[in-house]
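Chains as they are written, first to last, in my numbering: chain A, 1 to 241; chain B, 1 to 287.
No lab work stands behind these hints: they were computed from the structure. Keep in mind that this is a model prediction, so the values were computed, not measured. Heads up, some of the hints might be wrong.
[Said to hold, decoys possible] Calculated Cβ distances over 12 Å to all of chain A for the following chain B residues:
1) L14
2) F16
3) K63
4) I75
5) I83
6) I95
7) L140
8) D155
9) V164
10) L169
11) A184
12) M191
13) H195
14) E221
15) F264
[What the hints assert, rightly or not] Pulled a few chain A residues facing chain B out of the computed Cβ check, cut under 10 Å:
16) F21
17) V64
18) F67
19) P93
20) V222
21) I226
From the three backbone atoms N, C-alpha and C, an ideal C-beta is built for every residue, glycine too.
Single-letter residue listing:
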Amino acid sequence: MEMLNFIFDAASIKPGDFTGFTFFIGSVSMLAATVWFLMQHGQVDKKFKDSMLVAALITGIAAVHYFYMREQWVLDGSSPTELRYIDWILTVPLMVVEFALLTGVGMRKLFWASVVMLVAGYFGESGVTGMLDAQTWGAVSGLAYFWMAYEVGCLSIFGGPSGAVGNALASGSGKIPEAGRMLQWFVLVGWAIYPLGYMAGTDGWYAFVAIDEGAMNIIYNVGDAINKIGFGMAVWHAARS
Amino acid sequence: MNVVVKSKIAGLILAFSIIFFGLESSYSVLLFMIVMLSIGIPHGSVDHIIAFINPSARKFQSKFVFFLTYVSLIILNIILWIISPFLGLLVFLIISCYHFGETQVIGYNSTDNKLLNFVVGANILLSLFLNNIAELQEILYIIPEFSNLDLSGFDNVFFLLISVAILMLSIINFDIKRKVPLYAEITILYMVFFHTDLLTSFALYFGFCHSLPMLMLEFKEFKNDNFAKFYLKTLPFTILSIIFGFLLYQYNNDLLTSDNLILFVFIVISSLTVPHVFIMKDFVKDK
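Please model the entire structure based on the sequences and the hints provided.
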């Protein structure tokens, strides 16, 4: 019954609850993308099959968590921060893996960077360690994010230097360079919502960033959908060649 | 698509259904029992045949020597649990880490790298326990070494994060042929472990990521066209194992009481696992 509600009962979201609606859109769009990527899995060349499977997995995991997040938001109106972190912990490394699958290099560096980014981000937001303040943990997490952005060649968009993964993307065959550029934009612009969300949710010199919880969730929901589905679409674009 | 992948997909569909629809915790014992009796125990119930049809595993001179060794290992394991539950648990964990990891890497890498097998299995068990830490504490309170263990200060997300981080660092530090699919599959498992209780998590993992793929590989090894006929061959020792479980349950010991049913179940599984691991070690060599 819960599942049927999830698919058909959007009416349980209160009228005017735009945030709740974006949770609903997030869950169904992720589910639709999962089905799409799984269908495309059979159509693409063998070397892209793992990439399509990972793309489906990313949106599939997100669909499950958006379903839960929507439930929490509709039932008690609280921000589902914990569920969001669970989703990110599982999906961010998988998004990073797409770079390694397309290029065959850089998995070690990108995994290290995402471990540091996630662990420091969580320590800062939860305060679980009792050591250092949120802005210091945030800085560590941010540095890991910039390291990752450099490594995948985000700076090369503006003619700047690039890490090994970025170089491999640029010199890839077929539509890989084109898809790589799309992925670089996602990391540079799309992923920027996560540090912004962190700044809005913790205390620090950046207090001016703080915004209303509902608005923050809308930004996260729309950003997540674009990032995760877009990531998969970029990989699919490369795989079609 | 090979039998291992098919088995895992069946488990994945079941796991996603349970997470989406939500399974009342009162039903987890029922799910656990169904999975254990239909897949879990049967996958080890043809060890006495596997040990003799696999050319690289013919270490036993006769069936008598095989059964003597097999039953002795089971008895020794039970004695160890009774003398020192801590050591019993430790031996079970070490052996299980190796065995679960060894079968988990099939299809992604050769099973020759013993350290990799152990590390992969350790990651899975660590995540299974960390993501169900409250239940684990309830089970382990009877073991003196863990009676004062209190991890309630940490939240669930912390444990998920730690298990994912350890998995990532483990995967990148080993030479694995198909790193990403292995990582992706274990990520799904972690999501299942996080969202379901300990018994359901264990049933889904043990049933569909471990036992069913092994059962299907054993079926292939038997070169028998009829799965029903093969499955019938698992029944005698499945029934014997259930009788063994009931007999052990009757044993009046502080450790083996109904107060701690999950621990009891783990003791039974551990006792059946110890000899099974040695048979499977040879069986999976060229898989």
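* Compare the structure with the hints numbered earlier in the document and write down the numbers of the violated ones, lowest to highest. => Numbers 2, 8, 9, 10, 11, 12, 13, 16, 20, 21, in rising order.
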